[in-house]
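**Student:** My request is simple: use the sequences and hints to build the entire structure.
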Amino acid sequence: FSCRTNDQLVAFLSRYRDMNFLKSHGRDNARFIRKQGLDRLFLECDTHMWRLGDRRIPEGIAVDGGSDWFLLNRKFVEYVTFSTDDLVTKMRRFYSYTLLPAESFFHTVLENSPYCDSMVDNNLRITNWNRKLGCKCQYKHIVDWCGCSPNDFKPADFHRFQQTARPTFFARKFEAVVNQEIIGQLDYYLYGNYPSGTPGLRAYWENVYDEPDGVHTLGDVALTMYHAFSRLGLRRAETSFHAAGDNSCRYYPMGHPVSVHIYFLADRFQGFLIRHHATNLAVSKLETLETWVMPKKVFKIASPPSDFGRLQFSEIGTEWDAKERLFRNFGGLLGPMDEPVGMQKWGKGPNVTVTVIWVDPVNVIAATYDILIESSAEFTHYKPPLNLPLRPGVWTIKILHHWVQVAETKFLVTPLTFSNRQPIKQEEAMKYHSGPPKNAYMEQSFQGLNPVLNIPISAAQLDQAKRNAGLVGARLEAWVDSLVGSVWSAVDICSTGPTACPVMQSCTQTAWSSLSPDPKSELGPVKPDGRLR
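Using this note's numbering, you'd call the opening residue of the sequence shown number 19 and step up by one each time.
No lab work stands behind these hints: they were computed from the structure.
Quick caveat, the model's predicted, so the values are computed rather than measured.
We put the beta carbon where it would ideally sit given N, CA and C, even for glycine.
One should not assume that every hint holds.
[As the list claims (entries may be wrong)] For lysine to aspartate or glutamate, the following EDC-like pairs were computed, each having C-alpha atoms within a straight-line distance of at most 20 Å:
hint	residue 1	residue 2
1	K538	E224
2	K93	E129
3	K172	D339
4	K538	D231
5	K401	E337
6	K363	D285
7	K191	D175
8	K341	D285
9	K428	D536
10	K93	E77
11	K41	D135
12	K443	D499
13	K456	E446
[To be verified] Beta-carbon label-pair distances, calculated as ranges:
hint	residue 1	residue 2	range
14	C134	D57	21 to 31 Å
15	Q479	L390	29 to 39 Å
16	T145	V521	48 to 58 Å
17	P474	D264	39 to 49 Å
18	Q181	I160	26 to 36 Å
19	Q479	G515	40 to 50 Å
20	E461	T99	56 to 66 Å
**Tutor:** Here is the structure:
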């Protein structure tokens, strides 16, 4: 993201057009070589970077490296691209089997080439390093190595863009799903405020699915939930807009979702926006609608509250990002074969130990464990090794201090209405919806805790769960819809085009729809001064 105007950048580069701007790691070459794995052989295959073994660093070469963000002048780019001299040829071959070649190739070639005097040890960028959070080996599933990644900027970092100690023109990283406010702050700082009353300034929409992507790109959990969200919206239209004896606002769902967006307002997740087709029952015509669904609040502090005050929030999800400290699976869409993570957010206070208890929908205690919360801890997270499949339904997580409940939260494990993007068959439904073998989520049974914690297991609940496990078709959809409706609410619904429902608003007239005005994100023609607005 640019943190200076285009005019400022052009003026600076015009003045120093013969220079190359790269950031070097520092003076300890041996440490850099080890840290970057330059003395190891890597090969990418099947979307994984494999470490194959050791190798020797070429002799007679000063190996250097640093950031893979740099500005290079035309002369050096042509040299690297077209030269057939020994240096470029050998370095290309060497770096073909390197983990992060861009973090060293250009530095090394430049420093050993006739252009070495043109190097400036500054890549004109501010990078938001927080190594305590960013060096957690979070990419081990795709690469046989551990590295570091910078954090996203937040509003508290804004002063760093105003520093003048060294020339900087770009900054990273920014991510609107983590924090959009800082992007707005920087935008206003460079280009001024938008006119008063401009819509959409605090809103952010991100598309996660579009029809051209193909339904094959969706997992069965997402497809199940998106369909349930669409039906939730149609029920809202019927109950909110429907008049007795009038079918003009009653609909029958048709086909797969057209598009899906995640929606944020003031940097808070507001839910999903599902665009979907439905047949209007009054005129038997297809209409395209958009439904906004929002998660209900499921985290509750015990009542009356205990004297234990450190716990601020707890949430269950998947794709925990330890660097940004949020779940990347926004909305926590979970199915029977997922492996959920329990997260707690803490205020400062004395060291304490809490007990976390996971209770499935029929009150089987699936897991219990203790967590030591150190005085400075802000977040804790843990993934209990539960046997799959998880029983579908609403799960409860209880957090206890000295065996007194201080809070609880809930999460939904949805039954699947689809398997491999096809309507699920009974045999598959029984396989995924019956819970783990012998009701055992772990080798150890926690059945003895049920009476202690006053969590009774009833035969009627177990029988109902068995019957639910065999449901397919419309009865399965009805079960899914009742579960989804218990933890999600349809906030609003709108029409993307012509509609027979007279009180249905147009999506472009709302403040929330993915089709509502968003001037800050509109790209028009480039103006003569190089600006978009």
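**Student:** Each hint should be assessed against the structure and marked as holding or not.
**Tutor:** Here is how each hint holds up against the structure:
1. K538 x E224: Holds, because 14 Å separates the two Cα atoms, which is no more than 20 Å.
2. K93 x E129: Cα-Cα ~15 Å, so holds.
3. K172 x D339: 16 Å, holds
4. K538 x D231: 26 Å, violated
5. K401 x E337: 11 Å, holds
6. K363 x D285: The given pair, whose Cα atoms are some 18 Å apart, holds under the 20 Å limit.
7. K191 x D175: Holds - the C-alpha atoms of D175 and K191 are around 11 Å apart, at most 20 Å.
8. K341 x D285: Roughly 17 Å between the alpha carbons, so the hint for K341 and D285 holds.
9. K428 x D536: Distance of about 34 Å is beyond 20 Å: violated.
10. K93 x E77: 26 Å, violated
11. K41 x D135: 15 Å, holds
12. K443 x D499: 18 Å, holds
13. K456 x E446: Judged against 20 Å, a Cα distance of about 18 Å means the pair holds.
14. C134 x D57: 21 to 31 Å: Holds, since C134 and D57 (Cβ atoms, about 23 Å apart) stay within the stated range.
15. Q479 x L390: 29 to 39 Å: Given a distance of about 34 Å, which is inside 29 to 39 Å, the answer is holds.
16. T145 x V521: 48 to 58 Å: 52 Å, holds
17. P474 x D264: 39 to 49 Å: 47 Å, holds
18. Q181 x I160: 26 to 36 Å: Distance hint for Q181, I160 holds at roughly 35 Å.
19. Q479 x G515: 40 to 50 Å: Distance hint for Q479, G515 holds at roughly 46 Å.
20. E461 x T99: 56 to 66 Å: 60 Å, holds
Of the numbered hints given earlier, the model fails hints 4, 9 and 10; all others are met.
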